[in-house]
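Position chain B relative to chain A; hints supplied.
Number of protein chains: 2
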Amino acid sequence: MGATAGIVVIGDEILSGKFGDENARFLIAELRSLGVELRRISVIPDDLDDIADTVPRFARRFDHVFTSGGVGPTHDDLTMEGIARGFGTRVVRVPELEARVRAYWGDKLAPANLRLAEVPAGAQLLYGDPVWPVVAYQNVYILPGVPGLFRRKFQDIRERFRAAPLVLARLYARGDEGVLAPHLDAVVAAHPGAKLGSYPRFEEQDFRVLVTVEGVDPAAVGAAVDDLAARLGELVVRVEPAA
Amino acid sequence: MGATAGIVVIGDEILSGKFGDENARFLIAELRSLGVELRRISVIPDDLDDIADTVPRFARRFDHVFTSGGVGPTHDDLTMEGIARGFGTRVVRVPELEARVRAYWGDKLAPANLRLAEVPAGAQLLYGDPVWPVVAYQNVYILPGVPGLFRRKFQDIRERFRAAPLVLARLYARGDEGVLAPHLDAVVAAHPGAKLGSYPRFEEQDFRVLVTVEGVDPAAVGAAVDDLAARLGELVVRVEPAA
Numbered sequence: 001m002g003a004t005a006g007i008v009v010i011g012d013e014i015l016s017g018k019f020g021d022e023n024a025r026f027l028i029a030e031l032r033s034l035g036v037e038l039r040r041i042s043v044i045p046d047d048l049d050d051i052a053d054t055v056p057r058f059a060r061r062f063d064h065v066f067t068s069g070g071v072g073p074t075h076d077d078l079t080m081e082g083i084a085r086g087f088g089t090r091v092v093r094v095p096e097l098e099a100r101v102r103a104y105w106g107d108k109l110a111p112a113n114l115r116l117a118e119v120p121a122g123a124q125l126l127y128g129d130p131v132w133p134v135v136a137y138q139n140v141y142i143l144p145g146v147p148g149l150f151r152r153k154f155q156d157i158r159e160r161f162r163a164a165p166l167v168l169a170r171l172y173a174r175g176d177e178g179v180l181a182p183h184l185d186a187v188v189a190a191h192p193g194a195k196l197g198s199y200p201r202f203e204e205q206d207f208r209v210l211v212t213v214e215g216v217d218p219a220a221v222g223a224a225v226d227d228l229a230a231r232l233g234e235l236v237v238r239v240e241p242a243a
Numbered sequence: 001m002g003a004t005a006g007i008v009v010i011g012d013e014i015l016s017g018k019f020g021d022e023n024a025r026f027l028i029a030e031l032r033s034l035g036v037e038l039r040r041i042s043v044i045p046d047d048l049d050d051i052a053d054t055v056p057r058f059a060r061r062f063d064h065v066f067t068s069g070g071v072g073p074t075h076d077d078l079t080m081e082g083i084a085r086g087f088g089t090r091v092v093r094v095p096e097l098e099a100r101v102r103a104y105w106g107d108k109l110a111p112a113n114l115r116l117a118e119v120p121a122g123a124q125l126l127y128g129d130p131v132w133p134v135v136a137y138q139n140v141y142i143l144p145g146v147p148g149l150f151r152r153k154f155q156d157i158r159e160r161f162r163a164a165p166l167v168l169a170r171l172y173a174r175g176d177e178g179v180l181a182p183h184l185d186a187v188v189a190a191h192p193g194a195k196l197g198s199y200p201r202f203e204e205q206d207f208r209v210l211v212t213v214e215g216v217d218p219a220a221v222g223a224a225v226d227d228l229a230a231r232l233g234e235l236v237v238r239v240e241p242a243a
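Chains as they are written, first to last, in this note's numbering: chain A, 1 to 243; chain B, 1 to 243.
Hints should not be assumed to be uniformly reliable.
Given that identical chains are not distinguished, each listed pair holds provided it fits within a single copy or across any two copies.
Straight line, CA to CA, 25 Å or less: simulated DMTMM-like cross-link-like pairs of lysine to aspartate or glutamate [said to hold, decoys possible]: (1) K18 to D129; (2) K108 to D129; (3) K108 to D47; (4) K108 to E98; (5) K108 to E234; (6) K108 to E96; (7) K18 to D47.
In case anyone wonders, no lab produced these hints; they're calculated from the structure.
What you are looking at is a predicted structure, and each value in this text was computed from that prediction instead of being measured.
In isolation and in its complexed conformation, chain A is listed as follows (with noise of 0.2 Å):
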């Protein structure tokens, strides 16, 4: 596989039920299209312990760390402080922010907006949009929680995680999946550039088990599903081919 990604989602806001979420809901599909193989979410508090301990966390582990909340000028947004907190840095004041926050703010600034200007010390700033660029620290990039803004700041910075395209097929086998699963661990084991995943559905009126083969090889992918589809002879029911 190639690059992998992390997605840590802040906000109280989640984890109550207040809003559901909707930036993890939408990167997971981002992050697919590009061929970046996600990982690992985690929904967390605004707290700034958690936010100081799992971001550098993730950044260890994964290619491409995506945040999301936790940035605007009241006191529960706390990304910022907990991201400089984790790295062992400290927020600082940037001029070039600091001058678009005055300047969109006009003679209405209030103290609390400036905090808008404030980044982990480090931190680069990287213009899709030409006004509001997007906060990166390392590779974590600081994307705000509300769901519009999210959506805009992820297109304005997109490109620079593409990779290879996964390819995925899909076979529907009737029968049970304990009868599968010996068909299943022979496949997995003759074919390492597929990953097969089975997931039984007791609802639908043709078929009991899905199975998904994905790959970055279509070549691989194509064996695998037609040497599965050879071992379960008439428990397939179809195959949806390599999109």
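Chain B alone, transformed into the frame defined by chain A:
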């Protein structure tokens, strides 16, 4: 606050976008209505080491841990083994479960189905449904990934987790978050029994910021809302009383 909880969703299929998460979303609402404070959700791959590392870590930090997925008979069902490894024990076949598996499948039994009778040594079997128990290891409740089954099994055990309900009030305000920030800070400092969240919205007609106020003590929540409303004066659009 009362009892805390964490959720570990185990499933490549969520991370790769083949299925959307339904189980964490369901459990967020259930835990909320039970008065349990959800502190973390992690979505991790079908990976033995990751399961073994993640689940015991959750079990140490939270009162209750719920896992979703990875409990079937196929090669990608690694939850029981991962949890056993993480807690330094091993998987054993339980005669009580083996009898149920054999009775259910009868002469259609495939050897792989017997994996459903294997649990970490020392696990408890919790009967809500009279036939298929929920498997628990210490404070970890091991639930299946198929959404219909996940919900049914959680319903079987949900009353064990009932705690003090939370009270929530919402204050909708016009005006910029930066203007609200010092008032929120003051209310947070003066009302330790209430937890405030501030959520800007840019697509609403009549308000710019939703402030949530919550806690276990209705009087403390009410006092905090009244204090905030008095401070904000005409910036208040409306208050939705504590439910």
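Subject >> Homo-oligomer pair classification [D129, K108; C-alpha up to 25 Å] >> reply: within (23 Å within a copy, 61 Å between copies)
Original post:
25 Å Cα cut-off: does K18 pair with D47 within a copy, between copies, both or neither?
Top reply: within (17 Å within a copy, 31 Å between copies)
**OP:** Classify it for me, K108 with E98: is the Cα-Cα distance of at most 25 Å met within a copy, between copies, both or neither?
**Re:** Classified as within: same-chain Cα gap 14 Å, cross-chain 70 Å, threshold 25 Å.
Subject >> Within, between, both or neither: K108, E234 at alpha-carbon 25 Å >> reply: For K108 and E234, the Cα distance is within 25 Å only across copies (17 Å; inside one copy 71 Å).
**OP:** Using 25 Å as the alpha carbon limit, work out where K18 and D129 are close: within a copy, between copies, both or neither.
**Re:** neither (30 Å within a copy, 31 Å between copies)
Original post:
From the Cα coordinates, with 25 Å as the cut-off, is the pair K108 and E96 best called within, between, both, or neither?
Top reply: within (19 Å within a copy, 70 Å between copies)
Original post:
Given identical chains, is K108 near D47, meaning Cα to Cα at most 25 Å, within a copy, between copies, both, or neither?
Top reply: This pair counts as neither: shortest intra-copy Cα distance 30 Å, inter-copy 52 Å.
Of the hints listed earlier, those the structure fails to meet are numbers 1 and 3, in rising order.
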